[in-house]
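Asker: Sequence:
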Amino acid sequence: MRRTLAARLMLCSILLLGLGAIAFSARSATPTAHEETDLPAKPAIVLVHGAFADSTSWTAVAARLQSRGYRVVAAANPLRGVKADAANLDSLVASIGGPVVLVGHSYGGMVISNAGNAGHRIKALVYVSAFAPEMGESAIGLSASSPGSTLGDALLPPVALPDGSHDLYIRHDLFHAQFAADVPAVEADGMAIAQRPVTDSALAEPSGPPAWASVPSWSIYGSKDRNIPPAAMAFMARRARSRHIVEVEGASHALMISHPDEVANLIVEAAEYH
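Numbering-wise, the sequence shown is residues -28 to -1, 1 to 246 according to mature numbering (1 follows the signal peptide of the UniProt record, and there is no 0).
Treat the hints as calculated values from the structure; they're not laboratory data.
Worth double-checking, as some hints may not be accurate.
Said to hold, decoys possible - The list that follows gives simulated cross-link-like pairs (lysine to any residue, SDA-like), each with its CA atoms no further than 25 Å apart:
hint, residue 1, residue 2
1, Lys95, Lys196
2, Lys196, Gly180
3, Lys14, Asp172
4, Lys95, Gly120
5, Lys196, Glu109
6, Lys55, Asp172
7, Lys95, Asp172
8, Lys55, Ala13
9, Lys95, Ala157
10, Lys55, Lys14
11, Lys196, Val45
12, Lys196, Ser110
13, Lys95, Gly222
14, Lys55, Ala32
15, Lys95, Leu128
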């Protein structure tokens, strides 16, 4: 009787040890919730439009980024002044958890260059047909640094504002050729109607210390840009030590609309940079 009882106890012990080993193996093979959250998250992509455009100019690029699993925010850029617009962008960045990639088009490049980097939230900067200023430089000054811009001749008479500054618009009949020559005419006409004005004071305001001095940057622009001379953008991209500089042959200033694949690909490259 004692031998039978001992044998039974030994058999139970063996079974319990075996079940424990199986359970441990199962736990080891399945990552815990904590382990899953330790995986590096993709940065959010914040798209900043420039003068004479609005957030919808990023629609095609945003769709491509979202299809690759990125959270995308198309910021509404006030276009009132470099320092003020950058402060608005800083507030938006502060509301987003985790790292971000800032993408600026045209005057939007002035804004992302003046964004703060508190807590090292900003992982990368991407300049899309954009200004990448050094401290003290303005959009107007940089546009005149190389020949090729015809923007001045394409503007409507300035609209006076109560604070003494003026809103600037591109003439509707010249918008297609000036801003978006490689975009279908019907689409360009809609863009002309919906264009957001920029103040003359914003274009003349000097930049502060550039974010690209401490944050890696990427640059892409078109060879047929009539707003910002391509030679000026090439110079700014090299000066900002951009990791990858892309010139799209024949592309206009509205690069994110006419060549969304190239723009989205460069943004992803910046987002995946380690």
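Asker: Under the constraints set out in the numbered hints, which ones does this structure not fulfil?
Answerer: 1, 2, 3, 4, 7, 8, 9, 10, 11, 13, 14, 15
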